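8 protein chains.
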Amino acid sequence: MKFSRLLDKSPNLLITRADESIAAGLKARYPEAEYFALSGAIRIWRDRTMRGKGKLAVVCAGTSDIPVAEEAQVTAEVMGNEVDSIYDVGVAGIHRLMASRERLDAARVIVVAAGMEGALPSVVGGIVSAPVIAVPTSVGYGASFNGLAALLGMLNSCASNVTVVNIDNGFGAGYVASLINRL
Amino acid sequence: MKFSRLLDKSPNLLITRADESIAAGLKARYPEAEYFALSGAIRIWRDRTMRGKGKLAVVCAGTSDIPVAEEAQVTAEVMGNEVDSIYDVGVAGIHRLMASRERLDAARVIVVAAGMEGALPSVVGGIVSAPVIAVPTSVGYGASFNGLAALLGMLNSCASNVTVVNIDNGFGAGYVASLINRL
Amino acid sequence: MKFSRLLDKSPNLLITRADESIAAGLKARYPEAEYFALSGAIRIWRDRTMRGKGKLAVVCAGTSDIPVAEEAQVTAEVMGNEVDSIYDVGVAGIHRLMASRERLDAARVIVVAAGMEGALPSVVGGIVSAPVIAVPTSVGYGASFNGLAALLGMLNSCASNVTVVNIDNGFGAGYVASLINRL
Amino acid sequence: MKFSRLLDKSPNLLITRADESIAAGLKARYPEAEYFALSGAIRIWRDRTMRGKGKLAVVCAGTSDIPVAEEAQVTAEVMGNEVDSIYDVGVAGIHRLMASRERLDAARVIVVAAGMEGALPSVVGGIVSAPVIAVPTSVGYGASFNGLAALLGMLNSCASNVTVVNIDNGFGAGYVASLINRL
Amino acid sequence: MKFSRLLDKSPNLLITRADESIAAGLKARYPEAEYFALSGAIRIWRDRTMRGKGKLAVVCAGTSDIPVAEEAQVTAEVMGNEVDSIYDVGVAGIHRLMASRERLDAARVIVVAAGMEGALPSVVGGIVSAPVIAVPTSVGYGASFNGLAALLGMLNSCASNVTVVNIDNGFGAGYVASLINRL
Amino acid sequence: MKFSRLLDKSPNLLITRADESIAAGLKARYPEAEYFALSGAIRIWRDRTMRGKGKLAVVCAGTSDIPVAEEAQVTAEVMGNEVDSIYDVGVAGIHRLMASRERLDAARVIVVAAGMEGALPSVVGGIVSAPVIAVPTSVGYGASFNGLAALLGMLNSCASNVTVVNIDNGFGAGYVASLINRL
Amino acid sequence: MKFSRLLDKSPNLLITRADESIAAGLKARYPEAEYFALSGAIRIWRDRTMRGKGKLAVVCAGTSDIPVAEEAQVTAEVMGNEVDSIYDVGVAGIHRLMASRERLDAARVIVVAAGMEGALPSVVGGIVSAPVIAVPTSVGYGASFNGLAALLGMLNSCASNVTVVNIDNGFGAGYVASLINRL
Amino acid sequence: MKFSRLLDKSPNLLITRADESIAAGLKARYPEAEYFALSGAIRIWRDRTMRGKGKLAVVCAGTSDIPVAEEAQVTAEVMGNEVDSIYDVGVAGIHRLMASRERLDAARVIVVAAGMEGALPSVVGGIVSAPVIAVPTSVGYGASFNGLAALLGMLNSCASNVTVVNIDNGFGAGYVASLINRL
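Residue numbers (our numbering), protein chains in the order written: chain A, 1065 to 1247; chain B, 1065 to 1247; chain C, 1065 to 1247; chain D, 1065 to 1247; chain E, 1065 to 1247; chain F, 1065 to 1247; chain G, 1065 to 1247; chain H, 1065 to 1247.
By construction, these hints were calculated from the structure, which means they are not laboratory data.
Please read all numbers here as calculations on a predicted model, not as lab measurements.
Think of the CB as a built atom: it goes at the ideal place given N, C-alpha and C, for glycine as much as any other residue.
Some hints could be false.
What the hints assert, rightly or not - One side only, chain G facing chain H, incomplete, derived with CB under 7 Å: (1) H1159; (2) M1162; (3) S1164; (4) L1219; (5) S1224; (6) N1225; (7) V1228; (8) G1236.
Claimed, not checked - Straight-line distance between alpha carbons at most 20 Å, and here's what the computed PhoX-like set of lysine-lysine pairs gives: (9) K1119/E to K1117/F; (10) K1117/F to K1091/E; (11) K1117/E to K1091/F; (12) K1117/A to K1117/B; (13) K1091/D to K1117/C; (14) K1119/G to K1117/H; (15) K1117/G to K1119/H; (16) K1117/G to K1091/H.
Could you build all of it, start to finish, from the sequences and the hints given here?
Below you can see the structure in the form of structure tokens.
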């Protein structure tokens, strides 16, 4: 589905889930516009003031989850946050996640995107004491039911510091994480 | 269903969803134990240090949602937060909510509990710029499907500052709100 | 899906969800035929007798809901009603809705179309005492499940003056509202 | 589930889904209070002014649907409507329904309660041109899923004059029908 | 979805849900092959012995249900039954159905195809005492959930002589009806 | 759930899903009344004329399915059919089913009750050429979802001679089978 | 729900989900019978021959999952396996699981029981190379939907060595694990 | 959906669900690469050491299930197993399955792929005593809900030696079966 969201805290601009032709049109007028092909985000990032008080981490489980993670990262950056992106650290290779432990501990708030069984936010939530924003992704097939399995998993997380946004809602996760990091 | 959760940041203690007999037993040993009959929470609150940096609001839609809101409030208090509870301000009487606008604006983070259509977090989220933790409650009947309607509503909130926890999970909402308020 | 419904209270005609080629064919024969591109409605409106006793309002939450609202409006008009359309007044910007309060109060019956969390009918229903016909739209993604979230929300509305029609059924909402306005 | 709703347009009072003990308590204080055992409604009906402009019909499919129909009837009456109740006219005995045709035609607005396959509103909606408020009931077993089958059936009604309220929501149906009948 | 089923009681042949190119290829080799464009059935009907003991009726609710009804009819015919097809007699126009009463009474077994709310089998089942095979169709939109609403409605039919086959399974309905008519 | 159905083709009587106290009351008045404890059926079977043309088989998968099978059997018998009951022949012990092959072949119509995965009707349907009425039972736990798994399995049967009734609807299966056997 | 399964490879016996009174009755006759109160299993374990070739591990996430894990363990033992039970090692405390790594590596086949988000099998599956039998448990509330969330999570596991059994089916998991360990 | 999985226990390689163009590209570089058009698997199978201790059977119900079965077979082979593929032995033709009994008995572990009602694993599981890995396929239409019916059926199998993987997950089934056959 086509989807478009604007974040026009001027002088910055963010459009999400745009296709390449929209990006090309915008770039023609605003040469500084960036296009993020995986997530379809377009960003004009003129005011780069840091508004977040600390670092914000964006974590994702598999390479297929990167589009959603990227949407969260691009959103958080344009809202004035330093973002540490920790990608491809899914729970079936727990050592890769554990190797990122210091980076996770350094974050004031963490966005975690995962599809399939959506288990990563629970594990991350158990490691850190910061708030974790979980984003289920529609990555998967069959009984993933387009992200429903991951969504239910995250809502039932046994880690108490996890809250959840809609399936594939990288924008919302990045937005809320930014609000929290500004506190 | 019976459900029990402990938060033993000693010297404080929190047990959720306990019945009166458990409360009575605990009170016999710890006279300072409080029992909150609506939510079934038992609290021993010795260390009352304020850890939250500002005020935290707990809002609920109808009187039937108070047990879940109370669980959030009791949790947030025992974790060291000043809590402003704004109850019975459901969307069908929008003026009551609007009358609480200043109190909402004064909060650094807001927990909103609502059953039935679960619309309140969207409206609150549109009014304030603080992060909103939405808790769907199982209040309702028929097509509420024990809170599913409210849960889906909240996940699809058109307000970007809303994240969601499990149905009736007042504890989780209060817990995450506390983490955020400590930042 | 292709869908077609006729309302041939001659000498008027209404076709819904038609594509541009059907409209072009019809216009060739009936130059007075109007085509509404957003909703795909085609209307031949010869007999413009007002049959409704008062004003009928059609309200929608976001710009993406306009196609469904337009279908309701076009239907209500061709059935002889004066329609006041109040668009883009979603619950996350409650002030825009409140600014329309007088227009809402002036309506004998109100159609409200909303997707995502579908909260608007509850808020409108709480403001007015007229009957409200709620139309869930399939606008949304992820856990909106093609309008299911909005549908369930509306069925569980805490406002007692709300009834509901099928997802995206702007025609039905406009039709029933017309029947009511004729009383 | 316990459920309670008040309609206190004084000097009248309506409580729904109350058990006998509540009714007994109320009757002790207000001897004029009526208790409707099937639906659990309690009514104090002092002001019997007719506010509805015409007759309102309440129709139900089987005897098991009477509690919900009764709730609608009691609500509509206390709100000032003359109600014609046409019970046990389910679609599997279509002649009984057809025999009531004149009474149906005489109504300005019709409430139809039905469980199981919930087909009755479509048939009634096809017979009359008045607005029909359909109430799915939780009557049924197995694949009725507590009224879901009837709810879906009514939402997909091929009759354009049908709108729907929540499962077992006789109160809501009677309430909206009253609003319409007052127009 | 592509779907193919063969019924090769030689010397007859039936293929279901084939597209026009397959039909063209087959017709080139077997000039007697018939192609039914609505349902996509291809039939070679050489042995036209009547095997059914009486007449079999195929009934459908709306014109959109004809493809499924046609599949049932073509199947029943090639299996040796005289079929009376009674189309477009949906429940919202009950008089059209009642006008067909004698034809319904004349059938030994009846197939009823209907989408949307799927109410027709209940009404037919109440009129006749013959076995009724109900086929839900995927006709509808929104809360029809691709035929689920009709399927649930038919499974909950208040008429005791109704059994149900899979959504859009005209073949199966025609097949079973044929078996029954042979008894 | 309490459920009651009457079949009063006088002078016979059938009540389904009655408890022992109802049976005792009825037996006091009608000493010939039989009570079937597993299914809760009460039967007064005075007119024992055989109306069915041949034998009718009632098959069930496991001992837990016997209540539903018994309801079908009792119904079919009181409607004038000779019934061969073949119980406890579930698909995980296919040899027991195969050992009953001749009895299955001897039946003009077969009722098959099964819970859990509901696979038995497909296997029986593949063995015989008679019509098979499948009754899903609510036997199972977890992902059986109270008979939904069996219901879906039966609706998707790869055997073309299978039709389906509601979960636990032994009465309906026996009723339809009787109609068919009378042809 | 009451549930009973027998494994009478004499001279051993296993009954699952029995209550204490059944256990008492059996113990009166067979003093060697053991009753496992958490899972409700009764075991008579005379022939203690080891049939499994190596060690089998039974792992569970939280203390609430122990009943299901115990059912698996009791089953595997009575079928002749040495079982290492590793309980309360849920993913929110990943260090406890990692501390059990050697014991996990020592197992030829592993049963993992988990409720709520059901993430544990994925993490265990990523650590070991042995086959993992995942058992979702009905532990949880709200959006766990009685184990559905855990079930879907396990079916979508990103670890390729995971297979799944029904919700709460500790018996099945222990049974299959035993078959595998005998190879 | 596009899907890709690598199994690069060098010097072998397996890619699943690739289209022909990817296969062509790979074949240009590695002439020994095989492309399996039905399942979309690409295999480079240099090291053909047998690692499985015995034979592994892959069984499927209908010809439409072969793509999933083929994925399992190709996976199992490249992991070093001798595979006996027994295709098109669905439960509606039980004699074909029974004719394969010796081959089934000869297998140490069996993968069974089936769509529609997904009954085959239960029947196979009842015949053999080896572990059975059931793979639901998305073959079917209507109430198969893209494999959900088959998935639920398999999870509720009355045969105790059955475990289940995700819908269409032939790779996972072949992978686990290989692990088991190596024991």
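Hint by hint, which ones does the structure fall short of?
1, 2, 3, 10, 11, 13, 16
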